[in-house]
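K.L.:
Given the sequences, and given the hints that come with them, work out the whole structure.
Residue numbers (the numbering used here), protein chains in the order written: chain C, 9 to 343; chain H, 9 to 343; chain W, 9 to 343; chain B, 9 to 343.
FYI, nobody ran anything at the bench for these hints, they're computed from the structure.
Mixed in with the good hints there might be a few duds.
Any copy will do: because identical chains look the same in the list, a pair fits if it lies in one copy or spans two.
Think about it this way: if two alpha-carbon atoms lie no more than 27 Å apart in a straight line, the pair counts; the simulated DSS-like pairs of lysine-lysine are [unchecked claim]:
#1 Lys333 to Lys97
#2 Lys255 to Lys269
#3 Lys297 to Lys118
#4 Lys255 to Lys232
#5 Lys333 to Lys36
#6 Lys297 to Lys229
#7 Lys145 to Lys66
#8 Lys229 to Lys255
#9 Lys148 to Lys297
#10 Lys190 to Lys66
#11 Lys145 to Lys333
#12 Lys232 to Lys297
#13 Lys34 to Lys333
#14 Lys97 to Lys145
#15 Lys265 to Lys190
There are 4 protein chains.
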Amino acid sequence: MINIGIIGASGYTGLELIKILINHPKFKINYIATTEGSENITNLHPSLENVFSCEVKKIDLKNVKNYCELVFLALPHKTAMAYTKELLKDGLKIIDLSADYRLKIENYEKFYCPHEDKENLSHAIYGLPEYFRDKIKDAKLIANPGCYPTASLLGILPFIDYIEDNSTIFIDAKSGVSGAGKKLTETSHFVTINENIFAYNPISHRHSPEIREKIEILKEKNIKTLFIPHLLPVTRGMLVSIYATLKTTINPIDILKNSYKDEFFIRVRENPVDIKSTSGTNFCDIYAKCDENSLFISSAIDNLLRGASSQAVVNANIMYGFDEKLAIPIISYVP
Amino acid sequence: MINIGIIGASGYTGLELIKILINHPKFKINYIATTEGSENITNLHPSLENVFSCEVKKIDLKNVKNYCELVFLALPHKTAMAYTKELLKDGLKIIDLSADYRLKIENYEKFYCPHEDKENLSHAIYGLPEYFRDKIKDAKLIANPGCYPTASLLGILPFIDYIEDNSTIFIDAKSGVSGAGKKLTETSHFVTINENIFAYNPISHRHSPEIREKIEILKEKNIKTLFIPHLLPVTRGMLVSIYATLKTTINPIDILKNSYKDEFFIRVRENPVDIKSTSGTNFCDIYAKCDENSLFISSAIDNLLRGASSQAVVNANIMYGFDEKLAIPIISYVP
Amino acid sequence: MINIGIIGASGYTGLELIKILINHPKFKINYIATTEGSENITNLHPSLENVFSCEVKKIDLKNVKNYCELVFLALPHKTAMAYTKELLKDGLKIIDLSADYRLKIENYEKFYCPHEDKENLSHAIYGLPEYFRDKIKDAKLIANPGCYPTASLLGILPFIDYIEDNSTIFIDAKSGVSGAGKKLTETSHFVTINENIFAYNPISHRHSPEIREKIEILKEKNIKTLFIPHLLPVTRGMLVSIYATLKTTINPIDILKNSYKDEFFIRVRENPVDIKSTSGTNFCDIYAKCDENSLFISSAIDNLLRGASSQAVVNANIMYGFDEKLAIPIISYVP
Amino acid sequence: MINIGIIGASGYTGLELIKILINHPKFKINYIATTEGSENITNLHPSLENVFSCEVKKIDLKNVKNYCELVFLALPHKTAMAYTKELLKDGLKIIDLSADYRLKIENYEKFYCPHEDKENLSHAIYGLPEYFRDKIKDAKLIANPGCYPTASLLGILPFIDYIEDNSTIFIDAKSGVSGAGKKLTETSHFVTINENIFAYNPISHRHSPEIREKIEILKEKNIKTLFIPHLLPVTRGMLVSIYATLKTTINPIDILKNSYKDEFFIRVRENPVDIKSTSGTNFCDIYAKCDENSLFISSAIDNLLRGASSQAVVNANIMYGFDEKLAIPIISYVP
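P.N.:
Quick look at the structure:
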């Protein structure tokens, strides 16, 4: 058994990591920590009563190496990089669920804040398994992708070669509220969200450069994207509708099936996808349809799992040479 | 007082018509009918108890003229044209909420069924007040617009001149479930819709030609559109997100404000719009933002009011030379 | 026209007061104030754009009398009594939507805090129109009832004489989230509420003594009640299910119909009531059914309207000798 | 591996059975059947794509014994007894999720229809493990409890001895919509349920005699109950609020903890329970509080799991002498 740690266990993604890892046959949760600590994880997450019991330590970076060799960081950006820097020095492997190591330095500093760990940023691996599997195998530091980029990239990438030069890819993304975390804000208030929908941070959302940058890296093509996220009156789930202009007519389902024929966690669907069928799982369901040279792609994930915690555990499985599917949730919440 | 009638009072749009018209100072509901009739409208709509009481007649087309001079038809397509044909012969004025008189004959027959009232179709007026006000004044037969076309056209039309030739306008529409009516179907089942979202009839939805055709008529420009409707887990409301490629850089808020400076029922917003603020009203709220030559427009309406019944009463107000705002709901359901 | 003021216009009940009063034919909103003031009420409530425009003053108690003669206070408890004391001195009439004048001094101080305006407390009138109409007519200070007591009392009171002595009346109340106001708390977070339901403050909720005390005053009977509120995943609406043990068999619908035969705002229903039919209105819908000596009563209201703002305007109508129904909303949000 | 079968796999409880049993280490799904059959279970449940693949047979009762030795029946009442009669003759063991074997003959025939398998009814075992574990061990036919009785009985039974003679236990139950199955009815339409709550079948619901009868059997006490179910705007979950009058003052949490100290699937909570914490699991969470001689009990379950399918698999585990917890879901859907 490999001992692993989770730092930042009080939020939604921390909880989801625990829920997955308590059933993992090769990883053992041997360290859980938050800023304040707690007598037991069930105090932070009462739904774990009778399921998992464990002291929550107060974070002490110097001690982490005594408990585990791989650490999942479920922390806000900026804190994550400060911790990563120290933990890597102690020889620990890191899977960072924050944004801190996802972007090139210039994009990071433009959209977030000054980066204080440029050294490690330069060799962090972007943890989108379908496209970076080989590099993940040998990684010491994984930048776990954002939820919007995960759903968007998995939908778009198979089609990049067919897209008209100089055209814009329009990404209309719809997310459940859990994506914004536990923080109390006007946009997490029930009354703001319920019986409602609206775009937020249109065009300027921080996940936009992440999508563009990865397309460029993977396809060596500079693509314009316009990214508009919307908040849905649902807790969990993300649907990304992508619109693009093609150079030529294509059979989009064939292209998807070809691209992902060996990928267990991607289900190419012949009918429009829905978020509920992916809720509770690491699946990304994708559908696409054309009208002449106009392309519509619809991609659905569970924002907390494929968009965060289960994808993180898939990355851990790959890092240790285990079967990618080990302990990864695949049974949806339907109905 | 002008006597009016409502045929098809058992559904959602019939109910909304009643809710508006019972407070109208110039129109009097003097005839309500359904296929089967009912002792009292409160049997069909218990929420009207203590509010409005009225016998529901069994439809008898020959008698309608004895009760009223203007009739709202809240009926399925095909039935609507059969009734319209007869009622116009009797000198009645008609506002038809179905799709039967919205499209040119060739589009109608392609997307619906053979048209059996071509004569009247040729002179029906499309009831989008902001763009067809002058013709509505003298109309005998109004084709009340669909909900998706209403939200889409009001958002797009101000920008048509700026849109790149041969580019596609992508319309990502999200509708509450009431848009599909009271019918029991798998996609109206609570469990299918709740905590979920999905596209339906992608590309092939019948409202797509309605949008394209009206742009062509109004702007004399043949525009490609790709229309994708989605079902939201909300009862009421519609948000349409529109994506287009521009010829030039523009200030989209200025363009909207200019286009609609005299339009009371359109609120140009400087922040992204939400459906809740329009629920219960005839307002269409519009926001737009550009990134270089990429344009995002967001348009919100109440699908049952601006997308059906309150727009119908605005049309009636115009037909009779009344103030357009007479009895039209403007106070939203917020919170 | 009577000039009225609203102090505390930033919350939900303040907004609902505005929405009702802008259409009132006898009351004119001549003063709106909040702690901080604002250039325009539409900054606080964007849904009022094109509907109502008005400066929001910073509260200055000395000036209120220059603007109006009746003031609605939509403020937290404790602040309300401090303001009321001053405003009554200036000869203003007050309708207080807080809890400050609802209870006898001993109950108030037990469940809230020390009372600092005992003088006025002793002559405040409890504004439940069906039961205190005569006293409301001449009141200077109305304590507008809580939402839970409104729904509970209207349901229970007709049956008090039939209830077994020394038995307990069990009140299982279910409220939409708007009842807790705009404050950001863990229990107003969308993720806590959505797809969930739970009791809160069981037995010890502050509305419990309000119910008991009014029964005692009206029926001169000391009744035991057990009050359990639950939070529902809905924005608006309240359903109160009441359980009691009877001395004798009764026909509960007859009793309700008799008790409320002259009450326009109470609809006795022969089928179980639902909250949606009352949403947007001042109606209280009531249903009851017995099984031998066991009684079930179901009472539904809109918590923000009949449970707060529209009831407050009914009280104002009564105070000024107007028709109670003047400007009071009766058309529900159904569907 | 024991071969098992599922007859009636198209509904929600059939799907939940599959989701549990595909991961069971001792039971193997070797037969799945519906009235019409289907090429693959993924046609009926697309969320099972990549998870489980299996032909769905057209039901042929004569053949079932060739595929399995234990059969779960997820069928409507009446059909279930016709099948059970035949399958038991073939030596199969049956866990019936319908109501057909839950009640004494006189109660069954009063609330359902004439019973056509009285012979087997007389020896069927009621599958509430905490109270009938010993009999379940040797059973050939299990009547799996209804969801309302499961949540109600687990909450009430520990307190029966303390309840005042001749008093009524009031049960205010709130269920998610999935409890009513996939059938399209007015009360499963999204618009009827959303932003709403209402009682249905008050007093006369069929689960009422099931609760009363089991209390009588287990506690040899004739207890009056009044059962009122409500429909909640949630898909999954059930909260039952129980009100009773006590003979004496008690410490209800102590009583619960004592009663269930050895029961893994019951979590006695010191704060009010919520349905979300039990969603996705077999747990029943229970809380209770008194005010003098008035008792409030709050009991939460997942209506499809503890209220149907996971309880059925627990029963199967017991029948075969396996650990009760084998493959039973305990990780909730929170957040």
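K.L.:
When Cα atoms must be at most 27 Å apart, do Lys97 and Lys145 count as within-copy, between-copy, both, or neither?
P.N.:
within (20 Å within a copy, 57 Å between copies)
K.L.:
Within a copy, between copies, both or neither: which one fits Lys229 and Lys255 at a CA-CA cutoff of 27 Å?
P.N.:
both (15 Å within a copy, 23 Å between copies)
K.L.:
Reference check for the pair Lys145 and Lys333, CA-CA at most 27 Å: within, between, both, or neither?
P.N.:
Intra 15 Å, inter 36 Å, cutoff 27 Å: intra-copy only.
K.L.:
As a check of your reading, is Lys190 near Lys66 (CA-CA no more than 27 Å) within one copy, between copies, both or neither?
P.N.:
within (20 Å within a copy, 33 Å between copies)
K.L.:
Taking 27 Å as the upper bound on the Cα-Cα distance, should Lys265 and Lys190 be classified as within, between, both, or neither?
P.N.:
neither (37 Å within a copy, 32 Å between copies)
K.L.:
With identical chains, the pair Lys34 and Lys333 could be close in the same copy or across copies; at 27 Å between alpha carbons, which is it: within, between, both, or neither?
P.N.:
Intra 12 Å, inter 22 Å, cutoff 27 Å: intra and inter.
K.L.:
Up to 27 Å between alpha-carbons, please classify Lys333 paired with Lys36: within, between, both or neither.
P.N.:
both (17 Å within a copy, 21 Å between copies)
K.L.:
Could you figure out if Lys255 and Lys232 sit no more than 27 Å apart (CA to CA) within one copy, between two copies, both or neither?
P.N.:
Intra 15 Å, inter 15 Å, cutoff 27 Å: intra and inter.
K.L.:
Indicate which option fits the pair Lys255, Lys269 if close means a Cα-Cα distance not exceeding 27 Å: within, between, both or neither.
P.N.:
within (24 Å within a copy, 40 Å between copies)
K.L.:
Have a look at Lys148 and Lys297 and pick one of within, between, both or neither, based on CA distance no larger than 27 Å.
P.N.:
Result: close neither inside a copy nor across copies, 39 Å intra and 41 Å inter.
K.L.:
When Cα atoms must be at most 27 Å apart, do Lys145 and Lys66 count as within-copy, between-copy, both, or neither?
P.N.:
Answer is neither: 31 Å inside a copy and 47 Å across each miss the 27 Å cutoff.
K.L.:
I want to check one pair: Lys232 and Lys297. Are their C-alpha atoms no more than 27 Å apart within a copy, between two copies, both, or neither?
P.N.:
both (21 Å within a copy, 16 Å between copies)
In terms of the numbered hints stated before, the structure departs from hints 1, 7, 9 and 15, listed from lowest to highest.
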